[in-house]
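If you're matching positions, the sequence shown starts at 1 in full-length UniProt numbering and goes up one per residue.
Derived from the structure by calculation, the hints contain no laboratory data.
Be careful, since some hints might not be right.
[Said to hold, decoys possible] Here are the simulated lysine-lysine pairs, PhoX-like style, with alpha carbons at most 20 Å apart: (1) Lys282 / Lys304; (2) Lys202 / Lys165; (3) Lys309 / Lys282; (4) Lys308 / Lys282; (5) Lys282 / Lys202; (6) Lys139 / Lys165; (7) Lys267 / Lys297; (8) Lys209 / Lys304.
Predicted model, so just to flag it, every value in this text is computed and none were measured.
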Amino acid sequence: MSTDGLLAYCRPGFEPELAAELGERAALAGFPGYARAERNTGYVEFLGVEDGAGLARALPWSTLIFARQKLRLLADLPGMDPKDRIAPIMEALGGRGRHGDVWVEHPDSDEGKQLAGLARALGNALRPALRQRGLITEKEDPRLPRLHVLLLAGDHALLGSAEPKDASPWPLGVPRLRAHADAPSRSALKLEEALMMLLTEKERAEFIKPGLFAADLGAAPGGWSWVLARQHIRVFSVDNGPMAQSALDMPVIEHIRADGFRWQPPKPLDWMVCDMVESPRKVADRMATWFREGWCKHAIFNLKLPMKKRWDETRDCLQHFVDHAGRPLTLRAKQLYHDREEITVYAG
1 MSTDGLLAYC RPGFEPELAA ELGERAALAG FPGYARAERN TGYVEFLGVE DGAGLARALP
61 WSTLIFARQK LRLLADLPGM DPKDRIAPIM EALGGRGRHG DVWVEHPDSD EGKQLAGLAR
121 ALGNALRPAL RQRGLITEKE DPRLPRLHVL LLAGDHALLG SAEPKDASPW PLGVPRLRAH
181 ADAPSRSALK LEEALMMLLT EKERAEFIKP GLFAADLGAA PGGWSWVLAR QHIRVFSVDN
241 GPMAQSALDM PVIEHIRADG FRWQPPKPLD WMVCDMVESP RKVADRMATW FREGWCKHAI
301 FNLKLPMKKR WDETRDCLQH FVDHAGRPLT LRAKQLYHDR EEITVYAG
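With these hints in hand, go ahead and build the complete structure from the sequences.
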């Protein structure tokens with residue numbers, strides 16, 4: 001049946017956090033509604049709004065912390081005949097305009113992954129059928145909205161529509177990054193994803209370049225230092241623990257045996273990054289000190305979240321950072337694909 005609202009994907013297990021974020025931010029934007037979420041499903045629906053398009057504009061994807069993908073919800077199609085899933089999709093799209101492409105997906109959950117084969121097969125059959133009816137363009141057109149079919153079961157799908165400039169450009173909202181064999185740790189992927197997700201292409205060209213100076217607080221074994229060093233940035237790797245040899249072999253990395261929460265740079269730096277396992281409030285407070293004292297221009301840091309009230313803790317820690325940083329800053333936060341019980345924050 002046709003419906004209106006939002007459909008957002010998330011890390012399985014964080015549906016309550018995404019639901020709380022959507023509910024609070026939608027209400028503040030003047031779009032009261034309610035979230036429908038079930039833990040470990042990998043998605044959340046936000047319903048009960050009269051203007052789904054207006055709500056989608058009010059909550060840009062780039063500003064949603066726990067959403068990997070944000071779509072305008074078009075239809076909920078339970079009870080589809082497995083012999084003909086295409087007909088109800090066609091019917092639901094009547095009057096919905098033309099799309100520039102279609103992605104058939106499944107939730108990034110244990111149950112959802114079992115639908116991967118069916119999603120590929122349905123996509124192969126659905127695309128030409130939609131083209132024949134003129135519901136999608138003959139060739140992919142990024143200027144038009146993109147149709148998403150989220151398979152929840154063999155007989156159940158949700159239809160959503162994405163504005164390409166206001167949505168993740170990757171299926172399921174998951175960027176594909178290749179692990180490097182000589183990286184000191186898998187956490188290197190986390191910083192690589194953060195630089196890709198939290199900075200624009202123009203900002204990456206301007207802010208990440210040879211000859212800059214950075215500090216990596218809590219650096220051991222050196223995954224984040226290694227990522228920066230590969231960009232020919234000089235890094236003070238601050239940690240009392242041992243660094244991996246692959247990091248120490250890079251001439252632009254200097255290992256400083258010190259407590260990352262106490263160390264101060266000898267001069268103002270271009271970057272500070274931090275992935276320390278500490279309470280999020282303690283990390284937010286120390287990160288604010290770095291900006292208040294003028295020790296760095298840009299920072300990327302992680303906030304490790306508690307097991308309960310994680311949205312409340314996220315909102316409060318980010319506000320604490322803003323209140324104590326001492327100057328206006330651009331602030332962006334996301335739960336990245338390579339994050340676990342944490343979010344990653346850019347400030348600068």
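Exercise. Quick one, are Lys282 and Lys202 close enough, alpha carbons at most 20 Å?
Worked result: violated (32 Å)
For this session: Starting from Lys308, check that the Cα of Lys282 is at most 20 Å away, please.
Result: Given that 20 Å is the threshold and the Cα spacing comes to 17 Å, the pair holds.
Exercise. Do the alpha carbons of Lys139 and Lys165 lie within 20 Å of each other, as the hint requires?
Worked result: holds (18 Å)
Problem set entry | Pair hint Lys267 and Lys297, alpha-carbon separation not exceeding 20 Å | holds (12 Å)
Exercise. Quick one, are Lys282 and Lys304 close enough, alpha carbons at most 20 Å?
Worked result: Given that 20 Å is the threshold and the Cα spacing comes to 10 Å, the pair holds.
For this session: Could you grab the alpha-carbon distance between Lys202 and Lys165 and see if it respects the 20 Å cut-off?
Result: Satisfied, since the Cα-Cα distance of roughly 16 Å is no more than 20 Å.
Exercise. Given the hinted pair Lys209 and Lys304, is their alpha-carbon gap at most 20 Å?
Worked result: Not OK: Lys209 and Lys304 at ~29 Å, beyond 20 Å, violated.
Problem set entry | Given pair status - Lys282, Lys309, alpha carbons within 20 Å | holds (17 Å)
Of the hints listed earlier, those the structure fails to meet are numbers 5 and 8, in rising order.
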